[in-house]
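**Student:** We have chain L; now place chain Y onto it with these hints.
Note that the protein sequences, when read in sequence, are chains L and Y.
Counting with the numbering used here, you get residues 390 to 751 for the letters of the first sequence.
Counting with the numbering used here, you get residues 390 to 751 for the letters of the second sequence.
Since the hints were made in silico from the structure, they are not lab data.
Check the hints yourself; a few may be wrong.
In this list, chains with the same sequence are indistinguishable; a pair is considered to hold if it fits within one copy or across any two.
To be verified - Keeping only pairs whose Cα atoms sit at most 25 Å apart, straight-line, the calculated SDA-like set for lysine to any residue is:
#, residue 1, residue 2
1, Lys715, Ile703
2, Lys495, Leu603
3, Lys701, Arg718
4, Lys392, Gly423
5, Lys495, Leu625
6, Lys438, Lys715
7, Lys494, Gly648
8, Lys434, Gln413
9, Lys438, His643
10, Lys501, Lys617
11, Lys701, Asp682
All figures in this text were calculated on a predicted structure; none of them were measured in a lab.
Protein chains: 2
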Amino acid sequence: MEKRIYNFSAGPAILPEEVIKAAQEELFCLPGVGMSILEISHRSKVFDKIHAEAKDGLKKLLNISDDYHILFLQGGASLQFSMVPLNLMPPANKADYIVTGTWSKKAVSEAKRVGTVNISASTADQNFIRVPKQDELKLDPGAAYLHYTSNNTIFGTQFHSEPDPGNVPLVCDASSDILHKKIDVSKYALIYAGAQKNIGPSGVTLVIIRKDMLERSSDSIHTMLNYKTHTENDSLYNTPNVFGIYIIALVTKHLEKMGGLDAMYELNKKKAGLLYDCIDNSGGFFKGHAQKDSRSLMNITFTLGSEELEKKLISEATAAGFDGLKGHRSVGGLRASIYNAFPIAGVEALVSFMNDFMKRNG
Amino acid sequence: MEKRIYNFSAGPAILPEEVIKAAQEELFCLPGVGMSILEISHRSKVFDKIHAEAKDGLKKLLNISDDYHILFLQGGASLQFSMVPLNLMPPANKADYIVTGTWSKKAVSEAKRVGTVNISASTADQNFIRVPKQDELKLDPGAAYLHYTSNNTIFGTQFHSEPDPGNVPLVCDASSDILHKKIDVSKYALIYAGAQKNIGPSGVTLVIIRKDMLERSSDSIHTMLNYKTHTENDSLYNTPNVFGIYIIALVTKHLEKMGGLDAMYELNKKKAGLLYDCIDNSGGFFKGHAQKDSRSLMNITFTLGSEELEKKLISEATAAGFDGLKGHRSVGGLRASIYNAFPIAGVEALVSFMNDFMKRNG
Chain L
390 MEKRIYNFSA GPAILPEEVI KAAQEELFCL PGVGMSILEI SHRSKVFDKI
440 HAEAKDGLKK LLNISDDYHI LFLQGGASLQ FSMVPLNLMP PANKADYIVT
490 GTWSKKAVSE AKRVGTVNIS ASTADQNFIR VPKQDELKLD PGAAYLHYTS
540 NNTIFGTQFH SEPDPGNVPL VCDASSDILH KKIDVSKYAL IYAGAQKNIG
590 PSGVTLVIIR KDMLERSSDS IHTMLNYKTH TENDSLYNTP NVFGIYIIAL
640 VTKHLEKMGG LDAMYELNKK KAGLLYDCID NSGGFFKGHA QKDSRSLMNI
690 TFTLGSEELE KKLISEATAA GFDGLKGHRS VGGLRASIYN AFPIAGVEAL
740 VSFMNDFMKR NG
Chain Y
390 MEKRIYNFSA GPAILPEEVI KAAQEELFCL PGVGMSILEI SHRSKVFDKI
440 HAEAKDGLKK LLNISDDYHI LFLQGGASLQ FSMVPLNLMP PANKADYIVT
490 GTWSKKAVSE AKRVGTVNIS ASTADQNFIR VPKQDELKLD PGAAYLHYTS
540 NNTIFGTQFH SEPDPGNVPL VCDASSDILH KKIDVSKYAL IYAGAQKNIG
590 PSGVTLVIIR KDMLERSSDS IHTMLNYKTH TENDSLYNTP NVFGIYIIAL
640 VTKHLEKMGG LDAMYELNKK KAGLLYDCID NSGGFFKGHA QKDSRSLMNI
690 TFTLGSEELE KKLISEATAA GFDGLKGHRS VGGLRASIYN AFPIAGVEAL
740 VSFMNDFMKR NG
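Bound conformation, chain L alone (with noise of 0.2 Å):
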């Protein structure tokens, strides 16, 4: 078996080892089913059991209750930018928007396409290294909904807790964060989320959305952009990414089996802890972009002295096994992208790494 190297990858980004061996031994024909995965019909008994699993799974793992729908859509987390106004700014056609990097920027931009955009706070001054706080935020309390995006890939920050968004119903991006704790769903009107990071594989899209919440949504919105049309065929109105949505099943039950969310929310603060511990111990080697109080769990971004360091920093750990570390163009230097699967040993191996980097250039 071919050695695996740590992907550092801020998504597509690296999934279970469990969940990929057992995705390898079976795929070439499900047991007991004489198919592939990749060959069986989304109306077929043997789909049912699998769809019923991811849904299940995520249920438990989220503790979403009965009032929520659980959809496995396409389009990413990009189309979602439109199905959520499209769908939920009628009839108020305004909606508030916490600005918060490129991505909830993009959301504004095609939430703008459908009403009126008041953008609650905005930290794109300070070149996004925080997440704004509560009493910064200016509400609308007639707003269709609240947006935030609650952890920012390219900026390393992320809410260690959501905004309150008072008696509007609150919708979050929640692509690069989702399943690293376990939040209060029924805070939340509608949560989306790619699941290239946490979840599964890139080609599906996670909408957990509020039962009432669709009553906004119009006849007149194109079939395929209508929560409508999904709720109502179980996210089989057409052909659901079967693969994408299979893996999404065996990672909930690979959670599951590592003790849930709570655990995962441990070794997640664990393992960000360990990174940011050597950033803060470096006398400065290492400088952390995002503010303290605002740090991801999920991406670490940190810079050094001179882009030749870093250069030289991300080339060495290239060649030692450490995939993926560059950072994003808007902020320079590197970043580490350890979502739930990433192995404390990667990251304890990195560290070390980085020590003896220092030592070697300090």
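**Tutor:** Chain Y alone, transformed into the frame defined by chain L:
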């Protein structure tokens, strides 16, 4: 290794065994990469190569010129039902549609949200047992485009050559027969196809779009619904279905190895011929649904004398390892979907089974 059954499902459908085996072998670790295809970044060089292989493979098989973009999107043909009129209908705001079944009807519904739809021809009054002839088409020379569905999975009919649209751009939903033979792509302005029949697994939509069509796409279209977004970013505006594209690359290589699309066409004619001969030689025991000159090479639809007999045949066939033969409720009876990857041995086995069934029940 577990025994595989004969999968006659209409889609998602059977894939070449060689492709599934190759994918299985390297699912845990792509050779020399140290990561699974499920984990690699869509911005990585490894994926760039796979993506190029998938595009080049299709380009070679279908002889697609540089006048066209090849896109791998999400949302299936169902989302294309909206994207096509949103992008291509202006400024004329009217288009011609040929209605030959459920899928073209759905395409019409979405197009009507955008502009005026002229039904050039419909065979609805004959329960779609055939596709219309060229001289039946009422074509509007001022139409933005002419849309048709090349193969109708539910009714088992197929256009054996594309309708002549005059000077109007031709748009085709080729979801269920693309790659079953070589077509002259230069006759088309746009071809779209869900991958899950002849191209790969579910969750990828192939769009082949002639570059001049992009002039019609207004900037007012939502970003993810605008073809320009995807052509300008080579399908990577947002995270694509990486695994799906990888399988497409493998499928195109496999088809090339099998002798290309001319060889596939010969094989497909032979396979369908075996089944149609069995039906035609049954003295009326089996009745084909489609008119002879509209018969599909992909989906063979037929009925028996009674529903009871049909149920008996399906039940016995399932027990004998022939899966997915139940016809769609709009036609009833049976449907054998025999896409490219379906082995001729499976067709021969089914024919022998059908003949035996006829002897026992005729």
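**Student:** Take the hints in turn and mark each one as holding or not.
**Tutor:** Hint check results:
1. With identical chains, the CA atoms of Lys715 and Ile703 are at most 25 Å apart within one copy only, with a shortest distance of 7 Å there and 56 Å across copies.
2. Taking the closest pair of Cα atoms, Lys495 and Leu603 come within 25 Å of each other both inside a single copy (24 Å) and across two copies (22 Å).
3. When the C-alpha separation of Lys701 and Arg718 is checked against a cutoff of 25 Å, the pair qualifies only within one copy, where the shortest distance is 17 Å, while the shortest distance between copies is 64 Å.
4. For a Cα distance limit of 25 Å, the shortest separation of Lys392 from Gly423 across copies, 6 Å, qualifies, whereas the shortest one inside one copy, 31 Å, does not.
5. Proximity of Lys495 and Leu625 under a CA criterion of 25 Å is satisfied inter-copy only: 15 Å between copies versus 28 Å inside one chain copy.
6. When the C-alpha separation of Lys438 and Lys715 is checked against a cutoff of 25 Å, the pair qualifies only between copies, where the shortest distance is 20 Å, while the shortest distance within a copy is 40 Å.
7. In this homomeric assembly, Lys494 and Gly648 never come within 25 Å of each other (Cα to Cα): the closest approach is 36 Å inside a single copy and 49 Å across copies.
8. Taking the closest pair of Cα atoms, Lys434 and Gln413 come within 25 Å of each other both inside a single copy (22 Å) and across two copies (24 Å).
9. Only within a single protomer do Lys438 and His643 lie at most 25 Å apart by alpha-carbon distance; the minimum there is 17 Å, versus 31 Å between protomers.
10. In this homomeric assembly, Lys501 and Lys617 come within 25 Å of each other (Cα to Cα) both inside a single copy, at 22 Å, and across copies, at 19 Å.
11. Proximity of Lys701 to Asp682 under the C-alpha cut-off of 25 Å is found in neither arrangement, the shortest distances being 29 Å within a copy and 68 Å between copies.
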